[in-house]
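Engineer: Could you put together the complete structure from these sequences and hints?
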Amino acid sequence: MSARRATGGGLIDRSQPIRFTFDGKTYTGYAGDTLASALLANGVTLVGRSFKYHRPRGIFTAGIDEPNALVTVLKDGVREPNIPATGIEIYDGLTAESQNRFPSLEFDLAAVNQLAGPLFSAGFYYKTFMGPVIGPLKGTRFWMFCEHFIRRAAGLGRAGYEKDPVRYEKMNAFCDVLVVGAGPAGLMAATEAAKAGKRVILAEQDPRLGGSANWSGEEIGGKKATEWAEVKAAELTALDNVQILTRTTVWGYYDGNNLAAIERVTDHLPAAPIGVPRHRHWSIRAGTVVLATGALERPLVFPGNDRPGVMLAGAAERYAREFGVLPGEKIAVFTNNDSAYRAAAALKEAGAAIVAIIDVRPEISPAARALAEQAGIAPLTGHAVTDTVGKRLTKVMVQHFDAATGRLSGDPRPIEADCLVVSGGWSPAIHLASQAGGAPVWDGKLQAFLPPEPNQKWVGAGAFTGALTTAEALSTGRDAGLKATGKKASRVKLPEVAAPALDPFPAAVFEIKAKGKAFVDLQHDVTADDVRLAHREGFVSVEHLKRYTTLGMATDQGKTSNVPGLAIMADARGLPIEKVGTTRFRPPFSPISIGSLAAERHWRFKPDRLTPMHDWHVKRRARMMEAGLWHRPMIYGEPGETVEQAYAREAAAVRRSVGICDVSTLGKIAVKGPDAAGFLDHVYTNVFSTLPVGKARYGLMLREDGIAFDDGTTWRLGEHEFLMTTTTANAGKVMQHLEYYLDVVWPQLKVHVTSVTDQWAGAAVAGPNARKVLQACVTGTAVDNETLPHMGIVHGEIAGAPVMICRLSFSGELAYEVYCGAGHGRHVWEALMAAGEPFGITPYGLEALGALRIEKGHVTGAEIDGRTTARDLYLDWMLSKKKPFIGSALMDREGQIDWSRLRLVGVISLDGRPLGGGAHIVEKADGNGLGTSIGHVTASCYSPALQKYIGLALVRGGKARHGTRAFLSDPLRKRFGQVEIVSHHFFDPEGKRLHG
Amino acid sequence: MLIPCPHCGPRDLAEFSYQGDATRVRPDPASTDMKAWYDYVYNRPNPSGPHREYWQHSGGCRAHLVVVRDTLSHEIISVAFAHAGLNTAEGRQ
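Just so you know, the protein sequences line up as chains Y and U, in that order. All residue numbers for the first sequence refer to the numbering used here, where the first residue is 42 and numbers rise by one. All residue numbers for the second sequence refer to the numbering used here, where the first residue is -17 and numbers rise by one.
It is worth saying that the hints were derived from the structure and are not from the lab. A quick note: this is a predicted structure, and the numbers were derived from the prediction, not measured. Be aware that one or more of the hints could be misleading.
[Unchecked claim] Calculated cross-link-like contacts (lysine-lysine; reagent style DSS-like; alpha-carbon spacing at most 25 Å): (1) U/LYS17 - Y/LYS923; (2) Y/LYS923 - Y/LYS736; (3) U/LYS17 - Y/LYS713; (4) Y/LYS774 - Y/LYS647; (5) Y/LYS371 - Y/LYS436; (6) U/LYS17 - Y/LYS922; (7) Y/LYS1000 - Y/LYS965; (8) Y/LYS1033 - Y/LYS736; (9) Y/LYS236 - Y/LYS524.
[Claimed, not checked] Partner residues are not named here, just some residues of chain U that face chain Y (Cβ under 10 Å, in silico): (10) ALA4; (11) ARG8; (12) MET16; (13) TYR20; (14) VAL23; (15) TYR24; (16) TYR36; (17) ARG44; (18) HIS56; (19) GLU57.
Just so it is clear, CB atoms sit at the ideal spot from N, CA and C, and this is done for glycine as well.
Structural biologist: Here you go:
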């Protein structure tokens, strides 16, 4: 066993052992461990197989930048793949599995892919499976043959199929100052802003505040850095104006200083307490953002740099100091900068032997030399690692190296080591600043991209700005806090830091060019040679490089690989790195759960719209259905009835005697003002200014492009007063349409529109006996044919409540719509029911309403589908020639009057079976019932009046096909059969019945 | 994105509906100039930088606003009511 737990040290709680399972084997860790630290403490260094080549891989980092150690977590019956082991806090019973291996992690069959290396180099898929077919092993057909095997062999974890049973939640938050990152810089910024009385949110992705203070081994304010951080955290926690969010990653920076964050609320617990979500999505609107997101360490690229046992130096330091874990017994260090020396000293102090410090630089700083002395080893300056040996690391090969020319010389010699820690310099974590806008700026001394000039309200602090020392973190943090508050004088004392005076600038060395596979992107198995191949083949822009090689893609988004990849491309092109540029960072900064994005905000804030008669329907055992936000009765089923039997009975009752239907959901808009009539002439295709007071008219609206938009009746209640009705679905859109024209196009018109949908309750009373029902209950007005002709309006009372009655018909029967104030809705409805009792009045739902309208050939949203014109629907008679209207200019363009357009017809099932909405109509069907579509069914029902299954359809040519036969083709529902195309006016085409 | 509604104050984008390009001009209703109609209904420049557009505060006062927005930065440069009468002191009462 090489990796192991140190005898002391770390911030873990050795009194709290925790048992967990990895690949079926049970291990013990301590409270405070991540899965990665606990596995290392148990000597587990092989944790995964690589993406393409199935090479054995170990733990490479200690944080969210982890490219290798991705595992699948099994929790609550759900498997969640691709979670970095470095970000999983262990809990009792944690069960995790390694990925992309078969049959086992130790022995993986697909590791033979390594032998076929050239086959999987960059561009392999494009070259092999796309483009011209030359020979048998090329082209799309070959891809279809290979896909299954390749998908199985190359990849990350496997997602589960189970439904996720846990809860997710969304929160909105507002603050004056949002501090991202709670390292020394973030803590100082938050303290400064909080003391100035600002509302502060401090977000930290780790469970513990302090960031680098938890592993730097330095002293701040005369205390150990961890203790200083603890005190600061306690101070901030005590303040009312500070909200601290731990385990919270700010992952998106959007316009208007709106930031997105994910809080992992219960991932670290064996089970979520009742009512507590797993993840909480935060949408934070911040006055100013302090970005104190730190820096991410880069690896060096050299052959064998992916072997288990190779790890970033900063990560190793973190394991030693924060978790009391040694990643190896005999550790070699390979670096181009001073920071790795601190790691060497930390590892030595924790109990490991440092066997070599290999530094590409010829000269190093006195501080680094002092740390090397602490580590008990003289550094090998001017040297480089050229290879590694062992399934798990046993040896590193070392050679003389000239950092100025990149040349190796002399013979390689082995150094025995079970762990190699590597540092290639540090890259500020500028992701959020890049998302906020602006191009990152290359800094030649730090060999890193620095954040752009802010074009939103943010201030940078600490290592994020390229200021890598703790003293700078504290001072820039305080300054950032001050700047965020807009105050001049600081209220916070700057603590002293005791730390070695390291040289922050690395040597400009990214790659050691020696024989063997040297990985740039460990997660996607992209090698330095792949980058050069991309260059040779012309994919030289960073965006092309990324897409051709997949460098920087996948779950880690190239956090460790972006800069080395760019450096290698820059070298190949003979350009400086700043000329090659970098890709723009996009949200999310690190992976987030889809559950948190789909969390409960929408249905929580969506109202249920209930009509005033809702309770009556429910009491009457109506089966309710949702129509948009509305709940409407679908059928009033009798015991034992099917849906079809129920609506057929209801519809037949309407045609035989009388029925009643709740139409309160129709959109209703009061249109008032001296110019109201003229406005309606613009809005509707037909004329409304000639409509007498006390009459209603059916109207059709088009869009500007001449496509049908909505229909409904509009009632003239006074010279300057109309009540417009719209379809239920389009009520909001029509209102917006009217408001747009009044605000923007014709602001001079004196018209006011008000939505009154909720103010009126409506009941349609339809059937040959409808008038008799009204006569039995309406007072204050006559309702005979003379007083209340077709499309006439009267005012009266029912059971003491004022009502407005319009005689109009959707069902084709003698019918009335009775409107009253919403508060009287149920009262009036019940009075109508009582008056109708002698006639057997039957309440009917949406299904019967639909059947009645299909029998009459009336159109609804299924036919006014945003593609059909008035002529397609045979509503030409509504298009006024006397005046222009919205849509009149463009409605008769060539394409909109073409003979081949889909136009409205009726279809009758010839095999006595139902027709399905959405089914295609084909002229000729082949043996499988398939053919070229000439249109589709828009609505269908069983017609009690015709005693047949019928439907409306939009069919090429429309009327010209009346009397012909065609086929229904519905492979999705496996429904095929012959239909007859007829007029859409199935029933009472002359309209005799509505005149009673 | 925050849009400062002259009635309601700064409000989140989610409260607004985009109502299209505010640089287009609707031809006279009786016009038969097809090019003018195509320009009004279909043809849109896609400028990089300041752009005049209509936004309705549909989740608030429902007024249509003329918003000048920078399409690069989403900065809101100016906001006024689309209904000119509302921009006068008299109109606001």
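Engineer: It remains to establish, for every hint, whether it holds in the given structure.
Structural biologist: These are the hints, each one checked on the structure:
For a cut-off of 25 Å, the pair hint linking U/LYS17 to Y/LYS923 stands: about 23 Å separates their Cα positions. Restraint check: the Cα-Cα separation between Y/LYS923 and Y/LYS736 comes to about 21 Å, which is no more than 25 Å; the hinted pair holds. Proximity of U/LYS17 to Y/LYS713 is assessed by CA-CA distance (about 34 Å); at most 25 Å being required, the pair is judged violated. Distance restraint check for Y/LYS774 and Y/LYS647: the Cα-Cα separation of roughly 17 Å lies within the 25 Å cut-off, and the hinted pair is therefore satisfied.
A hinted pair counts as satisfied when its Cα atoms are at most 25 Å apart, and Y/LYS371 with Y/LYS436 qualifies at roughly 10 Å. A hinted pair counts as satisfied when its Cα atoms are at most 25 Å apart, and U/LYS17 with Y/LYS922 qualifies at roughly 21 Å. Distance hint between Y/LYS1000 and Y/LYS965 is fulfilled; the C-alpha atoms sit about 19 Å from each other, no more than 25 Å. Between the alpha carbons of Y/LYS1033 and Y/LYS736 the distance comes to roughly 20 Å, so the proposed pair stays at or under 25 Å and holds.
In summary, the hint linking Y/LYS236 to Y/LYS524 is supported, as the alpha carbons are separated by about 13 Å, within the 25 Å threshold. A cut of 10 Å between beta carbons decides the hint on U/ALA4: the least distance to chain Y is about 8 Å, and the hint holds. The interface hint given for U/ARG8 holds, since its Cβ lies 5 Å from the closest Cβ of chain Y, which is under the 10 Å cut-off. Interface restraint check: U/MET16 against chain Y, minimum CB-CB distance 8 Å, threshold 10 Å, status holds.
Using the Cβ-Cβ criterion of 10 Å, the hint placing U/TYR20 at the interface with chain Y is satisfied: the shortest such distance is roughly 8 Å. With a least beta-carbon distance of about 5 Å to chain Y, the hint placing U/VAL23 at the interface is held under the 10 Å criterion. The beta carbon of U/TYR24 is positioned within 10 Å of a beta carbon in chain Y (closest approach about 8 Å), and the interface hint is therefore held. At its closest, the beta carbon of U/TYR36 sits 6 Å from a beta carbon of chain Y; the interface hint therefore holds under the 10 Å criterion.
Residue-level restraint check for U/ARG44 holds (minimum Cβ-Cβ distance to chain Y is 6 Å; threshold 10 Å). With 10 Å as the threshold, the beta carbon of U/HIS56 comes within range of chain Y, its nearest partner Cβ sitting at about 4 Å, so the hint holds. With a cut of 10 Å, the hint placing U/GLU57 at the interface with chain Y holds, because the nearest CB-to-CB distance is about 9 Å.
Comparing the model with each numbered hint stated earlier shows that hint 3 is the single one that does not hold.
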